[in-house]
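S.K.: Sequence:
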Amino acid sequence: MQSILRWSIENSDPSSSQNASHVEPRKIDPEIIDMILGKPDSELMKEALAIAVDESRDEDERVQALDDFEMLIEQIDNANNLEKLHMWEPLHNLLLSPTSPTSLKSHVLWILGTAVQNNPAAQHAYSQITPPPVPTLLSFLSPASTSSPKVRSRAVYALSGLLKHNVAAVRQLDREDEAGWAVLRDALEDSDVTVRRKVAFLLGALLTPTSTYSDSSPLPSASGPTLHTSPPPPPDQNSQPVHPNSHASMVADPSSANTSPLAVSALAAHGILDKLISALAHPVPHGADGEHDGRDADFEEKVVNALYTYAVVCGAPLEQGQKQALRAYLEAEAKGEAGTHSWGLTDRELRALKTKIRD
1 MQSILRWSIE NSDPSSSQNA SHVEPRKIDP EIIDMILGKP DSELMKEALA
51 IAVDESRDED ERVQALDDFE MLIEQIDNAN NLEKLHMWEP LHNLLLSPTS
101 PTSLKSHVLW ILGTAVQNNP AAQHAYSQIT PPPVPTLLSF LSPASTSSPK
151 VRSRAVYALS GLLKHNVAAV RQLDREDEAG WAVLRDALED SDVTVRRKVA
201 FLLGALLTPT STYSDSSPLP SASGPTLHTS PPPPPDQNSQ PVHPNSHASM
251 VADPSSANTS PLAVSALAAH GILDKLISAL AHPVPHGADG EHDGRDADFE
301 EKVVNALYTY AVVCGAPLEQ GQKQALRAYL EAEAKGEAGT HSWGLTDREL
351 RALKTKIRD
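The numbering used here applies: residue 1 is where the sequence shown begins, and numbers increase by one.
Treat the hints as calculated values from the structure; they're not laboratory data.
This one's a predicted model, so the numbers in the text were calculated from it and none came from an experiment.
Idealized CB from N, CA, C, for every residue including glycine.
Hints are supplied without guarantee of correctness; some may be wrong.
Restraint-style ranges between C-beta atoms, simulated for each label pair [what the hints assert, rightly or not]:
1. T146 - P90: 23 to 31 Å
2. N93 - A281: 39 to 47 Å
3. E331 - L85: 51 to 59 Å
4. K84 - E319: 45 to 53 Å
5. I76 - I129: 14 to 22 Å
6. T99 - P132: 50 to 58 Å
Using 27 Å as the maximum straight-line C-alpha spacing, the simulated DSS-like pairs for lysine-lysine come out as follows [unchecked claim]:
7. K275 - K356
8. K84 - K105
9. K275 - K164
10. K356 - K335
11. K150 - K275
12. K323 - K335
13. K164 - K84
14. K354 - K335
15. K46 - K105
16. K39 - K84
17. K84 - K46
18. K335 - K275
19. K105 - K164
20. K354 - K323
21. K150 - K105
22. K150 - K164
23. K354 - K275
24. K323 - K356
25. K323 - K275
Please take these sequences and the hints and turn them into a complete structure.
M.R.: Below, the structure is given as structure tokens:
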């Protein structure tokens with residue numbers, strides 16, 4: 001056996017084993033890989049956006065491309081990649097372009113709202129573009145706007161996604177040249193009831209505190225609104241590390257997400273509180289020609305919830321006339337509904353609201 005082993009070693013070709021271990025792998029065509037595995041989402045996004053911004057394309061083709069794009073950015077990782085792929089500006093420019101058809105703008109608004117919804121990282125990235133997005137989105141709700149009801153509704157959707165839990169963006173509503181709070185106030189009487197509902201819901205969301213009110217976040221006094229709060233305490237040096245993700249900014253600085261103090265002040269300062277109560281006491285007809293009376297159960301529920309958050313959760317003051325008007329509405333509704341109307345509030349919450357508006 002040893003002689004056979006010695007013979008095999010002496011007669012083997014060492015170069016053959018070296019050649020076998022260095023065989024060049026066969027290169028596979030990338031197109032074949034794409035056919036098997038599918039293209040990366042980033043490539044699909046690039047292709048869809050390229051079609052959407054191409055004015056030589058058919059309108060239906062561009063709209064379909066935006067439909068495909070919207071499905072992709074429903075995934076938060078893809079939404080966060082909009083900044084890396086430099087896609088925020090082209091999308092926003094489609095809203096600004098006078099040649100963009102209404103159908104295209106409607107789809108872009110839906111994409112923007114989906115991308116920034118519950119995503120602080122995307123909110124921040126979109127807020128940094130020029131021109132600023134908040135005035136552009138508000139322009140679709142302006143009384144001078146000729147936007148369709150569907151476009152106005154989607155503009156509120158995009159605004160909601162951008163403004164909720166985003167103090168920096170909410171501050172832009174106070175710009176005198178934009179009168180953002182006034183635009184939202186007037187939208188509570190939009191001819192389309194869907195727009196009214198979404199604005200009432202947005203106001204309620206902005207009012208909702210992310211933490212319990214404390215001395216560092218004072219409420220407005222009865223004598224007038226408080227527009228500024230004292231600086232928050234320094235962060236705890238022993239707190240857990242903030243990991244890089246979509247909500248890192250919110251975790252690092254919780255005050256950046258608490259829009260409640262700003263919203264409470266704005267409701268009193270810009271007549272929004274009166275408009276909300278008037279929407280209940282003296283509803284404005286809705287419809288293209290005002291053919292429907294102003295009553296809408298869903299809208300009224302959202303308004304009552306916003307008022308509950310303002311008065312009870314935030315502990316903000318109501319004037320005597322406001323209390324009387326709201327009390328009269330609640331009492332009339334209780335009689336008309338045999339006392340069963342709760343507006344989505346628990347019994348305890350409804351009692352707290354009624355206690356708040358007593359003389």
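S.K.: Hints first: check each against the structure and report whether it holds.
M.R.: Quick rundown of the hints versus the structure:
| no. | hint | in the structure |
| --- | --- | --- |
| 1 | T146 - P90: 23 to 31 Å | 24 Å, holds |
| 2 | N93 - A281: 39 to 47 Å | 43 Å, holds |
| 3 | E331 - L85: 51 to 59 Å | 56 Å, holds |
| 4 | K84 - E319: 45 to 53 Å | 50 Å, holds |
| 5 | I76 - I129: 14 to 22 Å | 19 Å, holds |
| 6 | T99 - P132: 50 to 58 Å | 22 Å, violated |
| 7 | K275 - K356 | 19 Å, holds |
| 8 | K84 - K105 | 23 Å, holds |
| 9 | K275 - K164 | 21 Å, holds |
| 10 | K356 - K335 | 20 Å, holds |
| 11 | K150 - K275 | 23 Å, holds |
| 12 | K323 - K335 | 18 Å, holds |
| 13 | K164 - K84 | 23 Å, holds |
| 14 | K354 - K335 | 15 Å, holds |
| 15 | K46 - K105 | 18 Å, holds |
| 16 | K39 - K84 | 18 Å, holds |
| 17 | K84 - K46 | 12 Å, holds |
| 18 | K335 - K275 | 24 Å, holds |
| 19 | K105 - K164 | 22 Å, holds |
| 20 | K354 - K323 | 9 Å, holds |
| 21 | K150 - K105 | 10 Å, holds |
| 22 | K150 - K164 | 21 Å, holds |
| 23 | K354 - K275 | 19 Å, holds |
| 24 | K323 - K356 | 8 Å, holds |
| 25 | K323 - K275 | 13 Å, holds |
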